[in-house]
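J.: Chains A, B, C, D, E and F, in that order, give the protein sequences.
Straight run, no breaks: the first sequence in this note's numbering ends on number 952.
Straight run, no breaks: the second sequence in this note's numbering ends on number 952.
Straight run, no breaks: the third sequence in this note's numbering ends on number 952.
Straight run, no breaks: the fourth sequence in this note's numbering ends on number 952.
Straight run, no breaks: the fifth sequence in this note's numbering ends on number 952.
Straight run, no breaks: the sixth sequence in this note's numbering ends on number 952.
Any given hint might turn out to be false.
Just so you know, same-sequence chains aren't split out, so a pair can sit in one copy or run between any two.
Stated by the list, open to error - With a straight-line Cα cutoff of 25 Å, these simulated DSS-like cross-link-like pairs (lysine-lysine) come out:
{"#": "1", "residue 1": "K896", "residue 2": "K756"}
{"#": "2", "residue 1": "K896", "residue 2": "K694"}
{"#": "3", "residue 1": "K874", "residue 2": "K694"}
{"#": "4", "residue 1": "K874", "residue 2": "K896"}
{"#": "5", "residue 1": "K874", "residue 2": "K756"}
{"#": "6", "residue 1": "K756", "residue 2": "K894"}
{"#": "7", "residue 1": "K694", "residue 2": "K898"}
Calculated directly from the structure, the hints in this document are not laboratory data.
6 protein chains.
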Amino acid sequence: MPAKNPLLDAWRSGRSTLNGWLVIPHHVATEAMAHQGWDSLTIDMQHGMSDYSSALGMLTAISTTKTVAMARVPWLDEGIIMRMLDAGCYGIICPMINTADEARRFARACLYVPEGNRSFGPIRVGHYAGSDYYQNANEEVLSIAMIESREALDNLDAILDVEELKAIYIGPADLSLALGCVPKFDQEDPVVVAAIERIVTSAKAKGKWVGIHNATVAYARRMTDLGADFVSVGSDFSLMTRGAAAIVSEFRGHESDRSVPY
Amino acid sequence: MPAKNPLLDAWRSGRSTLNGWLVIPHHVATEAMAHQGWDSLTIDMQHGMSDYSSALGMLTAISTTKTVAMARVPWLDEGIIMRMLDAGCYGIICPMINTADEARRFARACLYVPEGNRSFGPIRVGHYAGSDYYQNANEEVLSIAMIESREALDNLDAILDVEELKAIYIGPADLSLALGCVPKFDQEDPVVVAAIERIVTSAKAKGKWVGIHNATVAYARRMTDLGADFVSVGSDFSLMTRGAAAIVSEFRGHESDRSVPY
Amino acid sequence: MPAKNPLLDAWRSGRSTLNGWLVIPHHVATEAMAHQGWDSLTIDMQHGMSDYSSALGMLTAISTTKTVAMARVPWLDEGIIMRMLDAGCYGIICPMINTADEARRFARACLYVPEGNRSFGPIRVGHYAGSDYYQNANEEVLSIAMIESREALDNLDAILDVEELKAIYIGPADLSLALGCVPKFDQEDPVVVAAIERIVTSAKAKGKWVGIHNATVAYARRMTDLGADFVSVGSDFSLMTRGAAAIVSEFRGHESDRSVPY
Amino acid sequence: MPAKNPLLDAWRSGRSTLNGWLVIPHHVATEAMAHQGWDSLTIDMQHGMSDYSSALGMLTAISTTKTVAMARVPWLDEGIIMRMLDAGCYGIICPMINTADEARRFARACLYVPEGNRSFGPIRVGHYAGSDYYQNANEEVLSIAMIESREALDNLDAILDVEELKAIYIGPADLSLALGCVPKFDQEDPVVVAAIERIVTSAKAKGKWVGIHNATVAYARRMTDLGADFVSVGSDFSLMTRGAAAIVSEFRGHESDRSVPY
Amino acid sequence: MPAKNPLLDAWRSGRSTLNGWLVIPHHVATEAMAHQGWDSLTIDMQHGMSDYSSALGMLTAISTTKTVAMARVPWLDEGIIMRMLDAGCYGIICPMINTADEARRFARACLYVPEGNRSFGPIRVGHYAGSDYYQNANEEVLSIAMIESREALDNLDAILDVEELKAIYIGPADLSLALGCVPKFDQEDPVVVAAIERIVTSAKAKGKWVGIHNATVAYARRMTDLGADFVSVGSDFSLMTRGAAAIVSEFRGHESDRSVPY
Amino acid sequence: MPAKNPLLDAWRSGRSTLNGWLVIPHHVATEAMAHQGWDSLTIDMQHGMSDYSSALGMLTAISTTKTVAMARVPWLDEGIIMRMLDAGCYGIICPMINTADEARRFARACLYVPEGNRSFGPIRVGHYAGSDYYQNANEEVLSIAMIESREALDNLDAILDVEELKAIYIGPADLSLALGCVPKFDQEDPVVVAAIERIVTSAKAKGKWVGIHNATVAYARRMTDLGADFVSVGSDFSLMTRGAAAIVSEFRGHESDRSVPY
């Protein structure tokens, strides 16, 4: 891992990046995922099943490759945000950012003084980011606020105006629920689609990087065409589960009646 | 596990339920506990020794039976509350709820929009609660606020008036301390007994379910006679420890002088 | 889990069963696999990454469903064979059984006296198999010897004549190597295909149940048509990894050049 | 922990010692057990659920008290025997010792050269046993062979004549099965009782220390009266499980119909 | 561990104590550290890599000796503060305390009613601190606020005036950053040195105990000469890493060009 | 990691390599060690504290660098030897090889057919060693037999004549004990020194690579001068422990009286 964040290089050159999603809290699964060629992998500590300890091993597993490591934290909490940065994440996705104040508080937790209030102690990231890490980190580390509630939509411009914030991430399932629709990815409901388009367009207009969660590459491609800088597709967990369901269905000679978990 | 919460069925039919308490953070102990016939088991993440990762295995262990899974979270923290719900809990006990605002914030973290602000991603609960889980969850999932401080007693009516809150839970040890008494279960001190009676009676009058922690079945029975809908008795840890102390005492031929931990 | 082994019921009624393969040593992945409808799941402790401790949680995860639990042990070792049976496996696959003596030693480790020398202490299996487990276990528990070396082929009839042995399992990769071919599943090399056919036919003739590992349902179907009683297809690990490789390839617009691990 | 084994001191002075049994593979349960006043605690790695890693934490937990640590290994295997000694055990119980050769091989694995072939590297035991540990270990460390099969009964005198062996342990459940009786502790079947009496008497006559597993203090007392030097009663797991079953029964007002696992 | 905190005894008698720092989240490393004669050991849950679960085993490891156990929590969060106290810590270091309100909120989380709002349930500390623990805890348990930001310097007197607070701890790396200097221990920059001197002097004047983190014994001695009551030197992690770097350099015959992580 | 073993490249070019030793069973410690520039790191599963599961994470940690991963297994056991190879080790050290038969059995477990009987399933090593791993492995993977008993000395020539064996490793502590001397590294006792010289000289004469364990770089240099191809110095555990003892001594102003564990 160089001191520079390869995602920023890609985005600045106009290349959208592909992000993988990690739900299974074990480095064995992560290491195999990391070898498949994703630009970045995000450890999901909110709806995924990793905690700090399992994430630590997963970050090491990602570091066996050139894939960029990120994490989604459970909630706006300085403790876990700063720990995940020390542990080697080059991006933090924070759920349910609803106001400019929350966005600022989140972004500042990802920044050393004077821009923010991140505490110094780059214990694991120090292995690979060099002794000048603290001088580069404020530039290279991504704070990524999730926009997924009605309140966030109402405050969208104010949130995007927070100077310390680097990027936003669209959570289509919660956004759908917030807008009275069925919670799902790859939404076709016009209400949700319109909201997504508004968020992406506004973010680009305000100079923020923007990403979104998807179920399929096809939908992800629509999103990069719309302007998304990074797109997530599937997860280790859903790939495994859907693959298993497909084998069982094929063997039984009929469609599975199992519901595939999120 | 059906989509419907069996505890609610029992309580609505007037049957008080028996809750077991899980302090040992290992699924092996939990699975054995789950096979003993408790109506519900609560993973204690406050004074017990489980964290999210160990709780995850314990929830799987409980799911080998029909026992309902609940958790006591360490503190009012949306991150862990929502994670435990995604992981399969049908009830969350939150300690030290002292005001109506805290009660509402807690209860809303257990509810999807529009009633609350729970984020969508039922990763493990999706295994057994069906694809319509999100439609039933607001009805079936129990938010249970602990009443255990002087401030909470002062605000009791306001807390009980919080519409989103489903239930309360009495912590006799902290309540005793708060009232200047020795912290213990199965209190006979009239000051504490009066407080317990007031809480139970007020809860029933306000239409909230109510539970309490006990050391013995005898005291638990007094509490169900008083109106408690669910009662906890002992814990995996205290059962093991007291059982061991009894064997050592019997073998040595005299009472143990060991103090049995909480 | 009933005291009776559902696999035996299926096989006796002429139905071939579908076995899933568990490489990822974490109960979270296992529980999702267990909900997909496999007849059985096998924890691979040889080339997979589980040890006794992780297997323990995986067995609990399987027990949340009606899927039958089995394990492949690392080597012919009474210690781990008996522990996995106590932990709840209804079948043990043992690699590299090359002689009748090894087959007998293995099979006897799966049987209580007087048929074998399994030690008594059904610590976890006791949760669900009933107090008469020890009376049924010799009948219901499957000892499954892998035939995968030239020496085993040479001794095939003698191995199949071992009365205590219940079943055999074909390891196509090692068998291929042993016969001078490329190690892989779903072999089309006539030398290996002939060996597989000989093993299946001999096993059926000698009254032993027989299974085989496969990469695809199509090949597995050829094997059940040939007489295989149970067939494994893929693994949690390969499903996840191949699924990820497919997404990356689709997004990049060209085939992945990553090698997908075993 | 002194360099001297307190169990030997007790036995030499004619005091029988009380041994606790550890099935739950977690240091939290172990530490609580260790504070209850047992003379020794044995980590069961055969029918209990500990492996080397969990045992390591359990040994540390025992070392917070003066209780002597022992382990029952899964099978006669030099690897795990020597590791458990390095980790701090002052006694190893080995199951299913059936011949003098097996007894000698086991005992020698517990002894440094020239008496045995234990490899040198007292990594954890070095914390408390002093730099002269290797000079005392052959004297202080207990090798304890289980006598629990018909073959072992046939070879009893030869086994007891193995000079390197320090002690034997009676496994009543397997011994019962071996003699055609129901596998259980606290046997009253005259066939098993006679065998137990013969083993204890022979051991004492041959100068070997002897212990036995029991379900109750009453039976254990019968065994010490018979000459047993150490007796095990119950386990962390059975204490917890039976305690839970008792609470549920009392609350329900009728006997539990649950089978309590081993 | 006695009910009395040995650190307080030392400080009251004018003896400065030596604190070790635990970054490696494994009880094996901790137990070896605990046997080296430190007065106290602090589990670092902020920039170190322990979470609650690993800390639990580390606390048990410390309890095999007379060393006093403390923890630095990730952030001002009642949940983890109270859990670490229940688990057996006799001191809690809380990072980034910037105002008197934060100091009071932190200190009160370490105190039972009526002085604070710590919840009762001394689950592990009950093993060794006696049944009267809750009566002594408010006196013996140390709340230690870190002073390491410009805001904290501005509010220093107000923070030191918080009656419930027991002690402060200087984080030289963050303090350096806050003052525009290179983040490091053993600072010689006059701006930082002046700040450290002001903090120590003010703390002593206000009757608070004071400690500081150091890289070398030499600097630590300067700090105790200045009035520091306790000093930390190095960490398990840096000792291991620097030791390894020294061996590699010596073997290679030239200085290592590796950067040694924090 | 390339398909070629860098250690062999070094040795063939006449460069002796430096091996680090891993006792602490946690990937956090391992990753820091791996960044210090060792040619290889050996996970000690005999006298160190790693088992398969912890070793798996440690191997991933080593794979974040170019350091070569090896393991010392607990005993001559095909199960664990083959698992560690699948997990990514490029060398296996096996303790207590005393005869040519044992040496051959060990070496063959490290070789695919036809040279050996290693089972095929390169689950983790497949991440980095390429799809042709199985074609290179017999050439690149090191089987390293420990010579450390009197019997091994007696059989030295026969052991060195085993064609399948690649290398030997000298265990000075056990060798010292076997020869009636104090067990330690960096021996100066002429009896042990003579034995070491004989082993090194014989190994070189028979065309086997040879390594030895040392406490200091000075002694390791003597060994490479003698002809050793690889030398181990210290361990993560001893570096940490000795470093801590040095700090405590310096602070206290007198030598520590603590014994530093092995």
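J.: For this structure, which hints from the list above don't hold up?
T.: The structure conflicts with hints 1, 4, 5 and 6, although it agrees with all the remaining ones.
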